[in-house]
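Q: Fit chain B to the known structure of chain A by using the hints.
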Amino acid sequence: MTRWTPDPTFYPSPSDAAGAPAEKLAYVAAFDRAAEQPDAIAVIDTDPASAGYGTVVGWTDLPHTGDELHHFGWNACSSALCPTAPHPHVERRYLIVPGLRSSRIYVLDTKDDPRNPRLVKEIPAAELAAKADYSRPHTIHCGPDGIYVSALGAGQGGDGPGGIAILDHQTFDVRGQWEADRGDQHLAYDFWWHLTQDVLVTSEWGTPDMIEDGIVPELLLGREYGHRIHFWDLAKRTLVQTVDLGDQYQMTLELRPAHDPTASHGFLGVVISVEDLSASIWVWHRSGGGFEVRKVIDIPAEPADPALLPPALQPFGAVPPLVTDIDLSVDDKYLYVSCWGTGELRRYDVSDPFHPIFLDSVHLGGIVRRTPHPAFPDERLAGGPQMVEVSRDGERVYVTNSLYGSWDDQFYPDGVGAWLAKVDVTDTTFTLDERFFPHGDEFRGRRVHQTRLQGGDASSDSYCFPS
Amino acid sequence: MTWGSYAALVALGAFHGLNPAMGWLFAVARGMQERSRAVLLRSLPPIAAGHLASVAIVAAIISATRSVVAANVVGIAGGVLLVGFGLWRLLSDRHFRWAGMRLSAAQLAGWSFLMSSAHGAGLMLLPVLATTPVPVTHAGHAMSGSPAGALTGLAAAGVHTIAMFTVMAACALLVYEFLGVKILRRAWFNVDRLWAGVLVAAGALTIALTT
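Residue numbers (my numbering), protein chains in the order written: chain A, 1 to 467; chain B, 1 to 211.
In isolation and in its complexed conformation, chain A is listed as follows (with noise of 0.2 Å):
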């Protein structure tokens, strides 16, 4: 049902979004590893002045298991305010919830009791698949008025194509494949767009054979995961252009537009090169009739004692770090990066996108480091910073510290645990609070993944007017 006024939630340009008011909680993605219990979405208290502050105080449990639930997103978001199809009486309050090991989809509802989401639709695999020729669904967003679910691989098999399957945004049915012409493109991950450009970004990381039982080193060192984006015709549904970054680049994932949609420039983060294990951020940018990509940060390995590391990285005496998510502050000033193999949340001045400034970082678990959180000095912590989530207003960041189950394994061989934390932001601090550290025995067992904030954050919403 329809609103008689816009959701308050949606704002027209990027410049009102960071006048929101701050997020009373958030929902984190959590999932059983072990795929023996359900896994489930935690609600999290994010109000300083509520008795729950910093704990779990609501959960879903989903009715499978073995879903393995990575990056959920709202259906409708402050584009239903862009004007080529205006949708601004609809609601902002269904989670799209991907079981990206499971291939189902999950419809949320948090309208009536936010504190414990509702399912309300469950798209099985083979729907996605018949529809869009489509499995692995991976990352949401909220398109004028479609929803827009980027998937890893095709409908049956374990091979690609990936792509983009379309939902309806009020149904919620798979309404088909995204692309028109997709021409060589074939490894999927990310995606985000211009939209008052009609220019959508890809990236790629691999096929769910090359990514479901952990990384393939063979496949690593042989440079065959994705190490291109893809530029598309958000109107006609065509790819117009690929940037290839060199085959040492592995893994090109996080994409991350500018929010000024008069901008036409956005970060890539690349998890590693297989030259010297660095990881390194790019910026895209319009170049005569079409677009250049050029890195712009480099994150060196740290070297470290062979005993300290897991058996993959043993040979190589170093710890990579691993960038595997980043994510910009809503008014397209701060890069936060996630280094999850370090232990390292880095915050970069990004005002000049192609010379961005360090500014500071904070250290949590990291492979060897395992830096403690303040609150709880004595636990040494396995995981890193991963999926970083910044306010709207920019003041607040949330970290979780699971990357995916297998690679979890991988990297952190002697569990990676369970946390959320979050980082306090002004213009010159960068500091954990030491209130707010949900972890352990708090998420039941579960690995947390992803975090999306009640009334959006930094990578759900797109805005068509600029401020």
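Heads up, a few of these hints could be off.
SDA-like cross-link-like pairs, simulated, lysine to any residue; straight-line CA separation at most 25 Å [stated by the list, open to error]:
1. K236(A) to A49(B)
2. K182(B) to Q197(A)
3. K333(A) to A49(B)
4. K236(A) to R193(B)
5. K182(B) to F172(A)
6. K24(A) to R185(B)
7. K24(A) to K182(B)
8. K111(A) to E34(B)
9. K182(B) to D198(A)
10. K121(A) to Q197(A)
11. K182(B) to G146(A)
12. K111(A) to N190(B)
13. K182(B) to K121(A)
14. K111(A) to A49(B)
15. K182(B) to F316(A)
16. K182(B) to E91(A)
17. K111(A) to A187(B)
Every beta carbon over 10 Å from chain A, so not counted as near; a handful from chain B, in silico [stated by the list, open to error]:
18. Y6
19. A106
20. V159
Just so you know, these hints were derived from the structure itself, not from any lab.
Here a beta-carbon is modelled for each residue, glycine too, at the ideal position from N, C-alpha and C.
A: Structure of chain B alone, referenced to chain A:
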């Protein structure tokens, strides 16, 4: 056409012009994107033209058929069915066919045409058109009433569109120059629901006036 009819057409035009979804918001967005009032102003005529085309088709059909119902009912009904089916086919896929923001003037007019048609903008004029006496040049010669009736319909669509264009331009300029799009969050009530209500009322009024 009476003065009352024209007043009703102008009022409905103003109502259509007021609706952000009918086009002025698109013009504002294009203007803001390019930081240019000229871009905003250049966007308005194609949007009005698309709206005019959509409304004129309905108006011409209604006005023309009033005097020749018996002769043409089968053809017109079939035509309407075909147009309706065609539009449905087009629009059932509309979310992704018309997702673009970078449209040429012709594409913008096309977008406006589809938007107006999908919302039944022309049908809303039914009570005015269906109850307006049609000038007949030769009494008893039914066929001669047809083109004249259609012309009445086109005039009605023109009056309606001028009103729509004026209100649309005023809204677009007001928001672009003074209010800013932030106003949308508070002021954009659900026109779609009101729209549906007006359509139902128009249908009821037509029945009441013709029986």
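Q: For each hint, tell me whether it holds in the structure or not.
A: Here is how each hint holds up against the structure:
A distance of roughly 24 Å separates the Cα atoms of K236(A) and A49(B); the hinted pair therefore holds under the 25 Å criterion. Pair hint K182(B) plus Q197(A) holds up; C-alpha atoms about 21 Å apart against a cutoff of 25 Å. Simply put, K333(A) and A49(B) have alpha-carbon atoms about 42 Å apart, too far for the 25 Å limit, and the pair is violated. About 31 Å separates the Cα atoms of K236(A) and R193(B), which puts this hinted pair outside 25 Å; it is violated.
Of the supplied pair hints, the one linking K182(B) and F172(A) is violated, its CA atoms being roughly 29 Å apart against a limit of 25 Å. At roughly 21 Å between alpha-carbon atoms, K24(A) and R185(B) fall within 25 Å of each other, so this suggested pair holds. Taken as a hint, the K24(A) and K182(B) pair is honoured in the structure, with Cα atoms around 23 Å apart against an allowance of 25 Å. For the proposed pair K111(A) and E34(B), the alpha carbon gap of about 38 Å is over 25 Å, so the pair is violated.
For the hint pairing K182(B) with D198(A), the CA-to-CA distance comes to about 23 Å; that is within 25 Å, so the pair holds. The hinted pair formed by K121(A) and Q197(A) fails the criterion: a straight-line CA distance of about 33 Å is larger than 25 Å. A C-alpha spacing of about 23 Å is found between K182(B) and G146(A), which places the hinted pair at or below 25 Å, so the restraint holds. Restraint check: the Cα-Cα separation between K111(A) and N190(B) comes to about 20 Å, which is no more than 25 Å; the hinted pair holds.
Proposed proximity of K182(B) and K121(A) is contradicted: the alpha carbons are some 34 Å apart, above 25 Å. For the proposed pair K111(A) and A49(B), the alpha carbon gap of about 41 Å is over 25 Å, so the pair is violated. Restraint check for K182(B) and F316(A): not satisfied, since their Cα atoms lie roughly 54 Å apart, outside the 25 Å limit. Between K182(B) and E91(A), the direct Cα distance comes to roughly 18 Å. Compliance with the 25 Å bound is thereby established for this hinted pair.
Distance check on the hinted pair: K111(A) and A187(B) sit about 23 Å apart at the alpha-carbon level, within 25 Å; holds. At the 10 Å boundary, the C-beta of Y6(B) stays outside the reach of chain A, the nearest C-beta of that chain being 30 Å off. With a minimum CB-CB distance of about 15 Å to chain A, A106(B) clears the 10 Å threshold, and the non-interface call stands. Distance check on V159(B): its Cβ is at least 26 Å (rounded) from any Cβ of chain A, clearing the 10 Å threshold; non-interface status holds.
Hint check: violations occur at hints 3, 4, 5, 8, 10, 13, 14, 15; the rest are consistent with the structure.
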